[in-house]
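Protein chains: 2
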Amino acid sequence: MNGSTQVWREELSPTTFLERAAGFLADKVAVVDGQRQFTYAEFASRCRRLQAALVSAGVRPGDRVAAWCTNSHVMLELHQAVPACGAVLVPLNTRLAAAEVDQLLDHSGASLIVATREHAVQAAEAAGRRSIGWVAESSSRDYDEWVAAHEPVEHRWVASEEQLLSINYTSGTTGTPKGVMYHHRGAYLQALAMVHHAGLTAESRYLWTLPMFHCHGWSFTWAVAAAGGMHVCTRSVEPAEVWRLEEAHGVTHLSAAPTVLTMLAEHGRSSPSDRRVHVDTGGAPPTPILLERLDALGLDVTHLYGLTETYGPVAVNVWRSEWDSLPTDRRAALRARQGVANIVSMPLSILDAAGDAVPADGRTPGEIAVRGNTVMAGYFRDEVTTAASMRAGHLLTGDVAVMHPDGYLEIRDRRKDVIISGGENISSVEVERVLDTHPAVVESAVIGVPDDRWGEAPVAVVRLREGCSVEDAELIAFAREHLAGYKVPRLYEYRDLPKTPTGKIQKNLLRDDLRSRRAGERSGES
Amino acid sequence: MNGSTQVWREELSPTTFLERAAGFLADKVAVVDGQRQFTYAEFASRCRRLQAALVSAGVRPGDRVAAWCTNSHVMLELHQAVPACGAVLVPLNTRLAAAEVDQLLDHSGASLIVATREHAVQAAEAAGRRSIGWVAESSSRDYDEWVAAHEPVEHRWVASEEQLLSINYTSGTTGTPKGVMYHHRGAYLQALAMVHHAGLTAESRYLWTLPMFHCHGWSFTWAVAAAGGMHVCTRSVEPAEVWRLEEAHGVTHLSAAPTVLTMLAEHGRSSPSDRRVHVDTGGAPPTPILLERLDALGLDVTHLYGLTETYGPVAVNVWRSEWDSLPTDRRAALRARQGVANIVSMPLSILDAAGDAVPADGRTPGEIAVRGNTVMAGYFRDEVTTAASMRAGHLLTGDVAVMHPDGYLEIRDRRKDVIISGGENISSVEVERVLDTHPAVVESAVIGVPDDRWGEAPVAVVRLREGCSVEDAELIAFAREHLAGYKVPRLYEYRDLPKTPTGKIQKNLLRDDLRSRRAGERSGES
Chain V
1 MNGSTQVWRE ELSPTTFLER AAGFLADKVA VVDGQRQFTY AEFASRCRRL QAALVSAGVR
61 PGDRVAAWCT NSHVMLELHQ AVPACGAVLV PLNTRLAAAE VDQLLDHSGA SLIVATREHA
121 VQAAEAAGRR SIGWVAESSS RDYDEWVAAH EPVEHRWVAS EEQLLSINYT SGTTGTPKGV
181 MYHHRGAYLQ ALAMVHHAGL TAESRYLWTL PMFHCHGWSF TWAVAAAGGM HVCTRSVEPA
241 EVWRLEEAHG VTHLSAAPTV LTMLAEHGRS SPSDRRVHVD TGGAPPTPIL LERLDALGLD
301 VTHLYGLTET YGPVAVNVWR SEWDSLPTDR RAALRARQGV ANIVSMPLSI LDAAGDAVPA
361 DGRTPGEIAV RGNTVMAGYF RDEVTTAASM RAGHLLTGDV AVMHPDGYLE IRDRRKDVII
421 SGGENISSVE VERVLDTHPA VVESAVIGVP DDRWGEAPVA VVRLREGCSV EDAELIAFAR
481 EHLAGYKVPR LYEYRDLPKT PTGKIQKNLL RDDLRSRRAG ERSGES
Chain R
1001 MNGSTQVWRE ELSPTTFLER AAGFLADKVA VVDGQRQFTY AEFASRCRRL QAALVSAGVR
1061 PGDRVAAWCT NSHVMLELHQ AVPACGAVLV PLNTRLAAAE VDQLLDHSGA SLIVATREHA
1121 VQAAEAAGRR SIGWVAESSS RDYDEWVAAH EPVEHRWVAS EEQLLSINYT SGTTGTPKGV
1181 MYHHRGAYLQ ALAMVHHAGL TAESRYLWTL PMFHCHGWSF TWAVAAAGGM HVCTRSVEPA
1241 EVWRLEEAHG VTHLSAAPTV LTMLAEHGRS SPSDRRVHVD TGGAPPTPIL LERLDALGLD
1301 VTHLYGLTET YGPVAVNVWR SEWDSLPTDR RAALRARQGV ANIVSMPLSI LDAAGDAVPA
1361 DGRTPGEIAV RGNTVMAGYF RDEVTTAASM RAGHLLTGDV AVMHPDGYLE IRDRRKDVII
1421 SGGENISSVE VERVLDTHPA VVESAVIGVP DDRWGEAPVA VVRLREGCSV EDAELIAFAR
1481 EHLAGYKVPR LYEYRDLPKT PTGKIQKNLL RDDLRSRRAG ERSGES
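Listed in order, the protein sequences are those of chains V and R.
For the first sequence, the numbering used here assigns the number 1 to the initial residue and increments by one for each residue that follows.
For the second sequence, the numbering used here assigns the number 1001 to the initial residue and increments by one for each residue that follows.
Since the hints were derived computationally from the structure, they do not count as laboratory data.
Hints may be right or wrong, so weigh each one.
Unchecked claim - In silico contact screen, one side only, chain R against chain V (beta carbon under 7 Å); selected entries:
no., residue
1, 1008
2, 1020
3, 1024
4, 1192
5, 1195
6, 1203
7, 1318
8, 1321
9, 1346
10, 1347
11, 1375
12, 1377
13, 1404
14, 1405
15, 1407
Claimed, not checked - In silico SDA-like pairs for lysine to any residue, Cα to Cα no more than 20 Å straight-line:
no., chain 1, residue 1, chain 2, residue 2
16, R, 1028, V, 405
17, V, 28, R, 1260
18, R, 1028, V, 360
19, R, 1416, R, 1177
20, R, 1028, V, 324
21, R, 1028, V, 331
22, R, 1028, V, 404
23, R, 1028, V, 320
24, V, 28, R, 1322
25, R, 1504, R, 1260
26, R, 1028, V, 406
27, V, 28, R, 1320
28, R, 1028, V, 319
29, V, 499, V, 466
Note that beta-carbon positions come from the ideal geometry of N, C-alpha and C, so glycine has one too.
Using the sequences provided together with the hints, build the complete structure.
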């Protein structure tokens, strides 16, 4: 509580939204998780009991608490109670191997693991290896009993809004873990941005097809309570289950990686619905064909862009109604762009190598640079990498994009995925987008491999639609219709694509694999 | 610009929203004002020119700039440029008399007056009396020429979000002016709250039926740019003109005092519209009859509550869809409540005389107390009154309300308007609400006057519908059907009600008038 002459200051914290919602939506369902559901009063009370339980387990301000959780009421409760204790939430990617988890537990210095039933055994084992505490659903240290055994404590406000809220480890790469630090202020503002851009209200029902461990589910873990909406948890993302929940609960909103949307489109739904669902997606832009299929299924897709380092979506493809009347291909091209800064972000910049903004001509590539309150507070215990990620007051994203004349940006590639062939830059994303429109192709990844003549040459790794087959020559001819000759891959592989748990294609794995095999071939040739 | 290790911090300021909108909505109309309209690019450019003009006129950080403006592009431009200079905006109520303006100029220490053409002459005179600078539309120191004569300067961020943004003088009462201090942080958050609760988007068209000088038009002066919507200015609030603009520009949103809504309902519209308009109103709750009329005119009314001291609306009557199926009178009763804390406010409290929360029983009255980032930073140059307005970390509002079991609050009265008769508290608002439902009554004010027997007795001042007449006895009988006998006024006066420029009935004037006349009568009797 502040002094009487400064009542105008309260520290911004995303945990405050629940207190407000519980005050006037007490009898309204806040969370559905399988057979269980909790009203806002019950949910708030559980969070306060959990807070008491954490304190009695020795959790103190600044301590790290690891969450090994599927999308569940447990994870939502941890999102409230851990930060309300002044402690730091460390969400674990649920697909990590034991050794990877050990590395993150060591790096974060977590003193407690809380797990859902799917990870109870692994959590107990990991805690044993590190001699730290653990609690899990359906276990000998049962989460529900633990929570129920404590009396609710009053919400305590955080001492400072710039206090550490969480550490989010980035997925996919090897080497030292990069622990992205979030503070309360950033997450509060990001949650408000998501409320606005998704159009959440107290009538919204949000389906959890995005992992909560990934950037706190783009802050929807808090945004839903800010609006007073309803969480619908899914512990696994099976298409049939997603459609069942969508119907059973009248879902109005969901977010998902492109791979999940592809899966939903491939599966289809048994019965059509008049209800439209607002869908936010990040990563690769959805192809026109995918957008059409999703539209027929009642899903209205908005394309977002962001990094773990920007609290998830920092750009939103804000749609303008005058675009509705454009031809389909033009609409698809507009929809594939990453868009503009979200409502709480500063305007996004695209910088050239000298650090100057590139012209807004839709052609000149540069690196996306971000500033604002939703840029990470740095990498945990890694000042060198933190400093390297920032320049002239901006966070450098490593993403190469162009700025269109209308102020919308469009990603050309990850900086490290750009292929340099015969002195020309080839955007792997541009080539993939063309290949993905071929009727036989579900998705593709285009990788640069060393080439004696050109320096690098593009290779296409392609996943074909179930029951389809295609000749290399056909894809080459198809690509030639849309791309300059030097951009067209000459080599094709047909296989499944490796992905991160959040659905991103792991080009680094493909690149390593292709390069080592080609190196082997070439040494065999010599 | 922050250092490279703290890119995650930008000071929150409502002036940043325009920069973002201008980046991607450059060609979209931002402001319509009579025959003139400006795109976002033009509007942003004008604001930057104005900023340069202010600086060249000697305006320095911390200086006060008085705005004597009707609802206009000028006022919107001042809302951007003055705070962007680090200076302090002082909006003047456009109905003030010269002596009142002089008092505010002295109290605020304004060094410059900027006026719209309607107040050009007054502004020049006032500036002359105080020997300070002035600029006005259509004058010898022409606003447009002044702005055009300067090159745009780059937006400079404020040094601190807790820096003084504006001084808003409260209306209506006598004595020392009370200058409510706003800071950038509070206005930024309030603007985001208004975006959410009004559901503003880039497709919204906001009609200015609320004075911009009143709490910065509830921060819609900035919220519209935050969403990328369009401002439609009205320099006077004539019903025919309001309906004309509503049709001409496809208005989606407006805010207005109850008196303006009454006026719109009385006037009606010539042609019906299918489009629904989101209407926010504050002050007295709209009667069921008024709500029905407005509904037929396409206006969906949401009831808000707030004070100048809370950046305008701090409470919103968040509607729950399950209430749609309730009987009309029950719906009207729910709609008349003031609601719940807005999305950026801390939960509202209703405190008894000892400072404890009253039970949420819908019956026990207490004083509404507010805390959060949208509570004023105090009264300018008045620490005593500032301290007196706050208790135990809350701002005391002076409004008496009850808390309903569902967490929605409902105002019973202004603390100073409560009538104490025969030891019983009479809520003037409760009595007025009954009288206002009588078919012959447009609006009423119930005032306590000294009474030898009861201490105070309620007197009703009533404005009758055009062409209607009614006997005291009929109103007494009507009120008796709904109210306890001691609450029913015995004395009636039929006349227009004096109002503040923001449409609040000036009970203090009525009270003074009634009391002095009654004192006169009584001394005459004796």
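Is it true that the CA of residue 1028 of chain R sits at most 20 Å from the CA of residue 405 of chain V?
-> Holds, at about 14 Å.
May I ask you to test the interface hint for residue 1195 of chain R with respect to chain V, counting a Cβ-Cβ separation under 7 Å as satisfied?
-> 6 Å, holds
Quickly compare the C-alpha distance for residue 1028 of chain R and residue 404 of chain V to 20 Å and report which way the hint goes.
-> 16 Å, holds
Chain V contact restraint for residue 1024 of chain R - C-beta distance below 7 Å = Because about 4 Å separates residue 1024 of chain R from the closest Cβ in chain V, which is inside the 7 Å limit, the hint holds.
Could you check if residue 1377 of chain R really has its C-beta closer than 7 Å to a C-beta on chain V?
-> Holds, because the Cβ-Cβ distance from residue 1377 of chain R to chain V comes to roughly 5 Å (cut-off 7 Å).
Compare the distance between the alpha carbons of residue 1504 of chain R and residue 1260 of chain R with 20 Å, and conclude whether the hinted pair is satisfied.
-> 10 Å, holds
Residue hint residue 1192 of chain R, partner chain V, criterion CB-CB below 7 Å | 5 Å, holds
Is the Cα-Cα distance between residue 1028 of chain R and residue 320 of chain V 20 Å or less?
-> 10 Å, holds
Has the given pair, residue 1028 of chain R with residue 406 of chain V, been kept, meaning a C-alpha gap of at most 20 Å?
-> Status holds; Cα separation ~11 Å.
Interface restraint verdict for residue 1321 of chain R against chain V (beta-carbon cut-off 7 Å) | 6 Å, holds
Given the proposed pairing of residue 1416 of chain R with residue 1177 of chain R, does the C-alpha separation stay at or below 20 Å?
-> This hinted pair holds, its Cα atoms lying about 19 Å apart.
Would you settle whether the hint for residue 1318 of chain R is holds or violated, based on the nearest Cβ-Cβ distance to chain V being less than 7 Å?
-> It holds, given that the least Cβ distance between residue 1318 of chain R and chain V is near 6 Å, below 7 Å.
In this structure, the earlier hints numbered 13, 14, 17 are contradicted, and the remaining ones agree with it.
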